[in-house]
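**Q** Given next are the chains, with one letter for each unit.
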Amino acid sequence: MSRVADIRFLVQHAIRVEMRNKHGIAGLAVFAIAAVYTCYQATGMHAERESWNALAWVVLLFTAFNAVSKPWADDAPEMRSFLLHTVRPQNWLLARIVYYSLMLLALGALIFAAFLLFLGLDPFVGNGIFYFFIGIEATALALASLLAMIQALATRAGGGFSLIAVLGLPLIIPVILVATRYGMDIMKGIAFGDTAHHLLFLATLTGGFTALGYILFPYLWRE
Amino acid sequence: MIQRSWKIGGLALLGYVLCMIFLVPLGPGLLELTDTKTADLVVGVEHQVPVYALTGFGTHWSETPENLTVVLRHGNQLAALPLIEVIDATHALVGMDLPYTVPSKSWDVLVTHPIDGTLLLENGLFLSDRFINEQAAWDNPEISEFLAELPFHFPYQPRIVETIRNLMLHVPMWFTMFLLMGIGFVASIRQLSSANDLNFDAKAEASVQIGLLFGTLGLITGSLWARYTWGAWWVDDPQLNGALVTVLVYAGYLILRATIQDVRLRARLSSVYNLFAFVILIILLMVLPRFSESLHPGKGGNPGFNSYDLDSSLRAVFYPAVLGWMMLGTWMYQIRLKESIVERKLRQLR
Amino acid sequence: MSHMFLQINPLEGFFFGSGKAMVVAGVALIILAGLGYWLVRMETRLQRMNDSLDEKLNDSQNQSS
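Residue numbers (my numbering), protein chains in the order written: chain A, 1 to 223; chain B, 1 to 350; chain C, 1 to 65.
Among the hints, erroneous ones may be present.
[Said to hold, decoys possible] For each label pair, taking beta carbons as the anchor points, the in silico distance ranges come out as: (1) D88(B) with T43(A): 53 to 63 Å; (2) G158(A) with R190(B): 17 to 27 Å; (3) S313(B) with Q41(A): 53 to 63 Å; (4) R190(B) with T44(C): 25 to 35 Å.
No lab work stands behind these hints: they were computed from the structure.
Ideal Cβ placement from N, Cα and C applies to all residues, glycine included.
Model the full structure from these sequences, guided by the hints.
**A** Now the structure itself:
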């Protein structure tokens, strides 16, 4: 099988397993919306742009951590030893990243829509909404590329959710730092061209994490 | 003996550095020029003149006070202030004998004395009660700026003052941490390429532990300094955030190690994480600060080695200090490594 | 500027006085304390290793006799 076919099969399989039992993904969506609603109540229903920005990224971050802490059906020992002999570990990692990317892209869009619904569009000027949305999706990709690796590492170590948080949160801080700065720039009405280097930096991080994971995943995966 | 010589050399360097840190004096400088809110009728002048208090640091004004000159500067406009009364070596009163119409509100203050040379207080004077006319031109007096021949001293820098000596204590902590994390990085790579040899894993663990010790010391010393220079124990600054997050990432490394029981799996997984951690360290401490502005000394958007505006006296102590602390760190790493190897052998004994 | 803080409390004044020289002393003390902590911990570890070695030697002697 070619690499693309491999990855497509693995992703399709993961989605099929997910769809067979929808409460996992539904739970994530409910978590995201409930978190946004909590923010709406906590800010007293009229968020300044500083809190709007901060809350959006924090909710995205926590939803992402929740998403990856869901047990992966194919991580069961018997399934793993089957995949170990049939799929190249690199393809398996790329499939995970693609799957998490799809999931976080969808969740990011959902969170952004919920934010617009509850906290309003007051902070945005001009095309700001559009650029902010691009920022959310770029951050979702960066989170997916790193957390896919961290999730695999924590699963292999047998540490569960707390280990994902301990290992992942510090590693994720550069992404969040850049993302919040980008969001603030957009809300201040700074021209997109002058703050686009943040997006470039996010894309570089995504590429870097993927490449690093691509090199290192085989060591993680083998017995 | 020959193998140990570099350790003795490292200790000797540190001894030299510590002596220099506490024995070399600081050069003279100007602390402030403040309005005393009093006006005096000065002899020879027929109007009331506001009196300002000039405070110096390590100056020698009480010797030949008649040779002390104070000049204001804005762009290329100069104004000499002839009315000076020296109180002691570091305090003087200056009569602000200026016309009512001045070209600017903010002025640099230049103070010249035969022993201290010309000292500069940038934007040291702010005139709020004068009429501003940018066209007002004065006949500029002739002034001679010169640098005094002082004995070996560290340069005076505004706000930093004596704490410039921390350059040899706080900064090498981070350099040593870089070195040790680099050792850990190389050890982790070699661990991954040789799965059956656990020695590299022990090396990586020992170097990260010692590196974390140095990183923590760097954080605490930096925090103390920040409290008395910036006024807060912690400020939001890319350099500081990067340092804290790096320490957290490596703390995660030790936590990961503690979670895994199987020795071989632990060696492999922690090596993988260590490679991630080192890449993050590079991003946080070398790449991100370049993207953003920072208050941290020596960091005008460029965190490089040479950007510390080091003069020759600082270099003469800073480079030995970095080398000495690195040698001490490497030595500590070797001790920790030997200890962990012995511990492993002890466990295999039964 | 620095003079303003002198009146707040004696400890703060101690650190601000005479061009903040005491901050340097504080920093040096913190570093020495950190290195000292490391030395003490290393000694405790070595002591523990020595004790367990003694224990093992005793065990093996008891078994052989």
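**Q** Could you run down the list of hints and mark each one as holding or not?
**A** Verification of the supplied hints:
no.: 1; hint: D88(B) with T43(A): 53 to 63 Å; result: holds (57 Å)
no.: 2; hint: G158(A) with R190(B): 17 to 27 Å; result: holds (26 Å)
no.: 3; hint: S313(B) with Q41(A): 53 to 63 Å; result: holds (60 Å)
no.: 4; hint: R190(B) with T44(C): 25 to 35 Å; result: holds (30 Å)
Taken one by one, the earlier hints all hold for this structure without exception.
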